[in-house]
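Asker: Sequence:
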Amino acid sequence: MLAKSHRDMDVYKLTLSDSEAEAAETQVWLEFALAHHYIDCEVYNGMEKKYEHIISMLVKMQIQSEKWVIR
4 MLAKSHRDMD VYKLTLSDSE AEAAETQVWL EFALAHHYID CEVYNGMEKK YEHIISMLVK
64 MQIQSEKWVI R
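End of the sequence shown sits at 74 in my numbering; the numbers just go up one at a time, nothing left out.
By construction, these hints were calculated from the structure, which means they are not laboratory data.
Every residue gets a Cβ at the ideal spot worked out from N, C-alpha and C, and that includes glycine.
Among the hints, erroneous ones may be present.
As the list claims (entries may be wrong) - Using 30 Å as the maximum straight-line C-alpha spacing, the simulated BS3-like pairs for lysine-lysine come out as follows:
id, residue 1, residue 2
1, K52, K63
2, K63, K16
3, K70, K52
4, K16, K52
5, K16, K70
6, K63, K53
7, K70, K53
8, K16, K53
To be verified - Using C-beta positions, here's what the derived DEER-type ranges look like:
id, residue 1, residue 2, range
9, S22, E69, 17 to 23 Å
10, N48, E25, 19 to 25 Å
11, H39, S8, 30 to 36 Å
12, V62, D11, 39 to 45 Å
Work out the full structure, taking the sequences as your base and the hints as a guide.
Answerer: Now the structure itself:
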């Protein structure tokens with residue numbers, strides 16, 4: 004049972020890491036959209052702030068993963 008629990012924790016952390024990477028990629032696309040005038044600064048700043056918050060939540064969930072995995 005311990006091995007399954009450990010494996011579940013690893014899968015959980017990997018999924019969070021993948022989600023963090025996807026959010027970071029979205030930030031790059033937001034920079035691209037701003038640089039090429041698809042969005043204005045107001046939209047960029049609002050979305051950037053939201054994605055920073057999302058990433059910080061994902062990192063916190065990785066650090067405190069034992070609180071989030073159902074056993």
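Asker: Indicate, hint by hint, whether the structure satisfies it.
Answerer: Hints, verified against the model:
1. K52 - K63: 17 Å, holds
2. K63 - K16: Holds - the C-alpha atoms of K16 and K63 are around 11 Å apart, at most 30 Å.
3. K70 - K52: 26 Å, holds
4. K16 - K52: Given that 30 Å is the threshold and the Cα spacing comes to 24 Å, the pair holds.
5. K16 - K70: 12 Å, holds
6. K63 - K53: 15 Å, holds
7. K70 - K53: 24 Å, holds
8. K16 - K53: 22 Å, holds
9. S22 - E69: 17 to 23 Å: 18 Å, holds
10. N48 - E25: 19 to 25 Å: Between N48 and E25, where Cβ atoms are some 21 Å apart, the hint holds.
11. H39 - S8: 30 to 36 Å: 47 Å, violated
12. V62 - D11: 39 to 45 Å: 20 Å, violated
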